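J.: Order-wise, the sequence lines are chains A and B. Counting in the numbering used here, the first sequence runs without a single skipped number right up to 259 at its last residue. Counting in the numbering used here, the second sequence runs without a single skipped number right up to 338 at its last residue.
Check the hints yourself; a few may be wrong.
Unchecked claim - With a cut-off of at most 20 Å between alpha-carbon atoms, the simulated DMTMM-like pairs for lysine to aspartate or glutamate come out as follows:
| no. | chain 1 | residue 1 | chain 2 | residue 2 |
| --- | --- | --- | --- | --- |
| 1 | B | 33 | B | 20 |
| 2 | A | 85 | B | 20 |
| 3 | A | 85 | A | 100 |
| 4 | A | 11 | B | 274 |
| 5 | A | 85 | B | 24 |
| 6 | B | 40 | B | 18 |
| 7 | B | 14 | B | 64 |
| 8 | A | 224 | A | 207 |
| 9 | B | 167 | A | 59 |
| 10 | B | 40 | A | 14 |
| 11 | A | 85 | B | 82 |
| 12 | B | 163 | A | 59 |
| 13 | B | 266 | A | 100 |
| 14 | B | 169 | A | 59 |
| 15 | A | 11 | B | 82 |
| 16 | B | 265 | A | 100 |
| 17 | A | 85 | B | 301 |
| 18 | A | 85 | B | 79 |
| 19 | B | 32 | B | 18 |
| 20 | A | 85 | B | 27 |
| 21 | B | 158 | B | 301 |
| 22 | B | 170 | A | 59 |
If you're looking for bench data, these hints aren't it; they were derived computationally from the structure. Just so we're clear, the structure is a prediction, and the values are computed from it rather than from any experiment.
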Amino acid sequence: MLQRTNTLHIKTPEGITFALPLAGPVARFLAWIVDFACIFVIMTAINMAIQVTQVVSFDFARAASIISYFIVSIGYGILCEWYYKGQTFGKRLMSVRVMDIQGLRLQFSQIVIRNLLRFIDSLPVCYLVGGLSCLLSPKSQRLGDLAANTIVTREPKISRPDLEQLLTHKYNSLRDHPHLVARLRHHTSPHEANMALQALLRRDELDPSARVELFEQIATHFKKIIPFPQEVVDGITDEQFVRNVIDALVQASGTPRKR
Amino acid sequence: MIIDLERFIDEEKKYWTELETILDKLDRDPFKKMNLSEIKRFHYLYQRTSSDLARVMGFSAETEIRRYLESLVGHAYAEVHELREKPHRFSPLHWFFQAFPQTFRQHLRAFVLALVITAFGFAIGGIAITIDREAKRVILPFSHLQIDPSKRVAYEEKAGATKDRLKGKKATFSAFLMTHNTRVSLFTFAMGFTWGIGTVLLLFYNGIILGATALDFVHAGQSTFLLGWLLPHGAIEIPAILVAGQAGLILAGALIGWGRRISLKKRLRTVASELVTLLCGLAVMLIFAGIVEAFFSQYHEPVIPYDAKIIFGVSELIALILFFGLSGKSKEKLVAKD
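Here chain B stands alone, though its shape is the one from the complex:
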C-alpha cells in the first residue's frame, strides 16, 4: 500500500519516463532491434511500471495517474507479449514471386470453388442467351454489349482501320480500368464478410455476364473476334477477380469455421496476412490487365491480327498457370523439409 503518494510519484516517475522514451523510440522505428541489455532493461521497466500500476489501483485518489500507468503498461505489454513475427523489411520480389503464389496454392480449394461458381454462372448465362437471344437486354447491363455482335465487329474493324479511336485517351482509359476493376475485386472480397453469400453472388453474376457475352458472340459467328478481344486482358483480369473471390471465401471460411475448434478471433488472425497477400497480388494483376486492355485489347484487325492477340492471351494464361503452380515451390519444399 502506498503511504505517501507524492513521494511514490517522485520516486517512480523517472522509471515511467524511461519506459515512455523507449516506447516512443520503438514507435518511431518499427524495425528497431534492441540488444540484450536493452531488452533486459525494457523488461525490468515494464515489470516495475506494472507493479506501480497494481499499487496505484489500490489507492483511491489518483485516477489520472492510474490512467497514465494503464496506457504505459498497455503499450509496453503489446511489445513484450507479442509473439507474432515482427514486420521485416518488405522485399517486393520475394513477396511477388514467393509469398503470393505460395499463399494462392495454400488456399487452392477456395480458388477452385470461386472458379466453379463463376463457371456455373457462365453456363447459366450461356444457356439463357442460347434459349432466348432477347435475354441479353436483361442480362447484360452495358450498352456496348446490347448491339448485334456482327455489327459491332464490322464497326470496330472499320473504325479501327481508319483512325486510332483511343488516341489521346489510352492512359485515362487504362487508369479507369485499373481502378474500376480493383474496386470491384476488393468489393468481391469484402462481401466475404456476409458469410460468403455476397462473394458467391458477385462471382455468379460475373459468370452470367461473361457466359451471356461469350455465347452471344459465338452464336453470331464471331468467336475469333471474341477471343482476340477478351483473351489478352481477360487471361489476367478474370483470374484476378477469381483470386478476389478466393480471398472472400477464405474470409467467409474463417468466419464460419467449419470443424475448426479454435476461436473466431484466432481464425481471423490466422488468415489476415494471407488475405492481404492475395489482395495485393490481385491488384498487381489488375494493373497489368488494365494496361493490356487499353493499349492492346481494343485494337483489332487489320491493326493487330487476331492470331497474334490470341497467341499473346494464351501465352499469358500459360505463364500465369506456371506462375501460380511453380513459383516459390522450391523454397516451399525446403521449409517443409526443415
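Here chain A stands alone, though its shape is the one from the complex:
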C-alpha cells in the first residue's frame, strides 16, 4: 500500500539528499480561495473598463466581457504560475509553490496541463475530486498534479532562531567534558535538537507544572543519549540542563568557558 508522506526527498547525482516539504489540502484550499478573490477583483476591474466601450457598442462590450472572463478564469493560474515560477498570488500568500516532482525546472506544458485538469478536479463542487485525490495520494497531488508530474510544496520561511535570548553565555558544566559534548552532537538528530530549542523558545507560554514536566522529559531523553557524570548534572534544574545541551550543540566553539 502506498504511504502518505509530508516530505519529498530528492537525491542528487552528487549524493546529496534534500527534502521538499509538501503542502497539505488546507493550505492549498486557502490559496485557491485567495486566487478566486483575485480573479473576481481582476474581472470587476476589466468589466469597469469595458463598460466605457458600451457607449460605442453594447454588443462588443458584452462579447469582450464573456471572452475576458473565460481567459482570466483559465489563464490566471497558467500565467501566474509561469511568471512567478509555480506561484499564484494565493500560493505566494500561503507560501506554497508548484514544483516538478523530480525537483527539475517546471515546464510550461506541465503548468498548462495541471491547470486545465481543474475541469475534473473541481467536480462536482468546490474541488471535491481534487481534494479527495489530494488526501488519498501519497504525495498530496490532485489529478492535475498527477497528470502534469507536479507537486505543491511549502516554502519554509527561513529565519534563524533568536539564540541570544536563550544562551546567556554563562558557565556551562557540560563543556568541561568536550568528548561527551562531541558525542552528544554526533548522536542528537536535528529533529531532537529542534524540539528542545522550540521548548526553550516557548517556555514562557507553558503552565508552571507543564513546564517542569516537559523539561524533565526532554532532560531525561538527552541524559539517555549521553550519560554525563553525576557531578555535571547535580544541582541544576532540568530546564537548565536542556539549556546547557542546546548551548553545547549550537555554540560549539570547542573551547569550554571557564568558571
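Dock chain B against the given chain A, drawing on the hints supplied.
T.: Relative to the frame of chain A, chain B by itself:
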C-alpha cells in the same frame, strides 16, 4: 564535521548569497543564457552549497540553516540537472503551421479512434431517429432542435429575409460560442484522465446528437439547409472537438501505457508538450468556428445562397485536411534525414 558553526556560516554565507543572486536572475529571465565562465561559477557554487548542506546535515542544531540550504540546492539542482529543452522564444507562426500539424500527424491513430467513436455515435443517433421519430425528445436536449425541421427552415428563411435577427448580438453570440465550445473541448480532453472512459462517452454522445439532428433534417427533406447551416462552422468545429478527443485519448494512452516499458511519470512527461500543442491548436480552430457561426452560418437563403455556404464549408474542410496532412511536412522530412 563542523567545529564552529558560527564561523562556518560566516565563511560560507557569501557563496550562498552569490548562488541565490544567480538563481534570482534566472527566475526573472527564463530566456537568460549564461556564458561559459558564468556556467562554471554557477556549477562551482552549486557544488559548494551542496557540500555545505551535507556538512550541516551532520550537525544537529541548525534546522533553519539546513532548510535554507535545502531550498537553495533544490532550486539550483533544477537548473543544473534539467535535460529537457529550455523554453525558447515562442513563434506563433512556426507553432501553428509546423508544430501543431506535426503533432496531429504524430498521433493520427488517436484522432482516427476519436473519429470512429463519434461516427459510431452518429450512426446510433441516426438509426434511433429513423426507427422512432419521437426519440428526438429524449436524444436532443436543445429546444430549438425539437421543432419539426421543415417548420424551422420555413421560419428561419422567412424571419431572415425580413430582418437581421442577430443584429446587435453577433459579437456576443460569437463570444458565447467560442468560450462554450472551448470549455466543452477542454472538458472532453480532461476526461481522458478517467483512463479515456469519459472522453469516449463524450465523443459518443456528441456523435449521437449530431447523427440524430442530421437524420431528422434528412428525413424532413431539408438536407440542403442542413449542409448550408452546419458545414461553414462545423467543418472546423467538429474536427476541433475530435482533436480534443484525440488529446484525451493520448492522455488516457499515457496513463494506461499499453506495452510500453517506461514509468507512468515518464510517459506523462513525454506527451505533456504535445497535449498542450493540440489544445492550443483546437482553441484557435474554435475561435475561427465561433466567428463563422455567428457571422455567417446563421444566415440562410435568401440572404446567403445555400450553394455558397456549402462551397465555403467544403473549401474549409479541404483546406483543413491539407493543413493537417501537409503543413510542416517538409521540415519533418529534414529532421528525419538528420
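J.: Identify every previously stated hint that the structure contradicts and give their numbers, smallest first.
T.: Hint check: 4, 8 and 17 fail, others pass.
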